[in-house]
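A.B. asks: Modelling step: build the complete structure from the supplied sequences, incorporating the hints.
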Amino acid sequence: MEWETVIGLEIHTQLRTKSKIFSSASTAFGAEPNTQACAVDLGLPGVLPVVNAEAIRMATKFGLATGSAICKHSVFARKNYFYPDSPKGYQISQMELPIVGEGAIDIELEDGTKKTIGITRAHLEEDAGKSLHEDYQGMTGIDLNRAGTPLLEIVSEPDMRSAKEAVAYMKKIHSLVQYIEISDGNMAESSFRCDANVSVRPKGQKEYGTRAELKNINSFRFVERAINLEIERQIDVIEDGGKVVQETRLYDADKHETRSMRSKEEANDYRYFPDPDLLPVVFDDAYIEEIRKTLPELPDEKTARFVSDLGLSEYDAGILTASRELADFFEAVIGQSVDAKLTANWIIGDVSARLNKEDLTIAECPVSSKLLAGMLKRIEDNTISGKIAKDVFNGMWNGEGDADTVIDKKGLKQITDDSAIEAIIDEVIANSPDQLEQYRSGKDKLFGYFVGQVMKASQGKANPAQVNQMLKDKLS
Amino acid sequence: MSLGPDDVKSIAHLARLEIDEKNIEEYANSLSSILDLVEEMNAVDTAGIKPMAHPMNVSQRLRADEVLEVNQREIFQKIAPKVKDGLYLVPQVIE
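From first to last, the protein sequence lines stand for chains A and B.
Letter 195 of the first sequence, counting from 1, is numbered 191 in the working numbering, and no numbers are missing.
Letter 80 of the second sequence, counting from 1, is numbered 90 in the working numbering, and no numbers are missing.
For the record, the hints were derived by calculation from the structure and aren't laboratory data.
Take these hints with a grain of salt, some might be off.
[As the list claims (entries may be wrong)] Subject to a maximum C-alpha distance of 20 Å in a straight line, what follows is the list of computed SDA-like cross-link-like pairs (lysine to any residue):
no.	chain 1	residue 1	chain 2	residue 2
1	A	Lys84	B	Val100
2	B	Lys88	A	Glu28
3	B	Lys94	A	Glu28
4	A	Lys126	B	Val100
[Unchecked claim] Examples of chain A residues lying across from chain B (beta carbon under 8 Å, computed):
no.	residue
5	Ser127
6	Gly137
7	Val233
8	Val334
Computed from a predicted model, the values in this text were never measured in an experiment.
All C-beta atoms, glycine included, are put in the ideal place defined by N, C-alpha and C.
C.D. replies: Dropping the structure here:
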């Protein structure tokens, strides 16, 4: 039987506020345990939560960036459950009236087509603390520094049909929250993680199959693997005559398996109700319009502009706009009047390859946008060839100075003087009588041999276009 | 609407309350009478009335995003049953 997969994602993105969502304790990462957990975060008696204005603003900004409905009257609710990393016995979240309602975002699939993924809602909530299960002789250690950190939970419609689509969607949201500066998107620090709801159904069937929820996946690679594993598992269960049960499952990256955490309908009865400690959050259209003004150019708009105004391909534009830092770097280079296509090729090619190799981000690139622009100008004015530029780039990477300094120091200046090139060509021809004879008797392929020899004799410095033209004249 | 003994047990379990078997019937009756009151109120015609999230018709005041809290771990941990390396220790949680 042919199966169809249905996937919906719940993405938890940590908002980059300085203080927590309901208290004035710091949200900075990496502090000593429990030094940033105040009376409110600890749920001590008599405390009252007060909403952080910045969290409301950031959530609204996300809503605007995804064309979502903004709820001007949203309500916080208590989600009741017992777990030691949540000392109040409930998590403050939003249930019936979340701040962000329905919206949508486009993702690009591998074959270049676009697909629109619906956003059901996005609501504000507080994060829980951290449990440390090792090393405490039969006890669990609790660090509540993270408790109360603002999260925006972005819930998608079950619109994705493969693990690849889920990853594309997750990457798109990841890029967006950084573009609009509401999250640092740091996955290693758990600032961006997701739960995936996965089900399968016979192709053509209208009703959804029973879904399992994969919890807390914090890398793109793991999302793809975990979903694919879960799809296989569910199909196996059904084909063996069994039934998929609705449950929460955990992906174990080391063992490469998903396993059941607990049966959802039994354990989870959250008994949501409006939090009596908090009043509805109310704002007007003027507030929304103020926030709209702060929206930067969004990735899709930027891509479209790079294509229409700069003549880049859709593919190149998509790569350059995937992160805001990369797009900013690109724009900084072309801002120094360098050709856009040449710049795009270099950033997507040599620059990205070197960054990947050294495991650096564009922000950490030792070759600044100014240095790169300086070098590209030397390609444009024929001082160096594209091939020699690789040496110049390496020199700049290693801190040997700007392009002109490296070109000077290493004597990499391109030979463009006709008579100098002619002299090299004459010498090569004189030294290759056999090849010359074969070429003249019709072995055209040997043209490449002559080009190679001339380039070699000039140590790669002869201008390739001139060499080609002059060789053609000489050999004919 | 009336609650049976199993409902009472399940509510108590969700709230992590230990209850005495002999009180269950009484709890069931008390809780049921609260639900009856709700049922009675349900009969009031509320068509066209917007539900309220809070008995007071006011909205939330927002706080500026500033860090004002200082580290008071030592004071807080004085009342904790057990701590180690700055962590609160609790009976082991098994997933």
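A.B. asks: Are the hints correct? Go through all of them and say.
C.D. replies: Okay, the hints, checked on the actual structure:
1. Lys84/A / Val100/B: holds (15 Å)
2. Lys88/B / Glu28/A: Holds. Lys88/B to Glu28/A sits at ~17 Å (cutoff 20 Å).
3. Lys94/B / Glu28/A: holds (12 Å)
4. Lys126/A / Val100/B: The hint holds at about 12 Å.
5. Ser127: holds (6 Å)
6. Gly137: holds (3 Å)
7. Val233: With Cβ-Cβ at 22 Å, over 8 Å, it is violated.
8. Val334: The hint is violated - Val334/A has no Cβ within 8 Å of chain B, the shortest such distance being about 40 Å.
Hints 7 and 8 from the list above are not met by this structure, while the remaining hints are.
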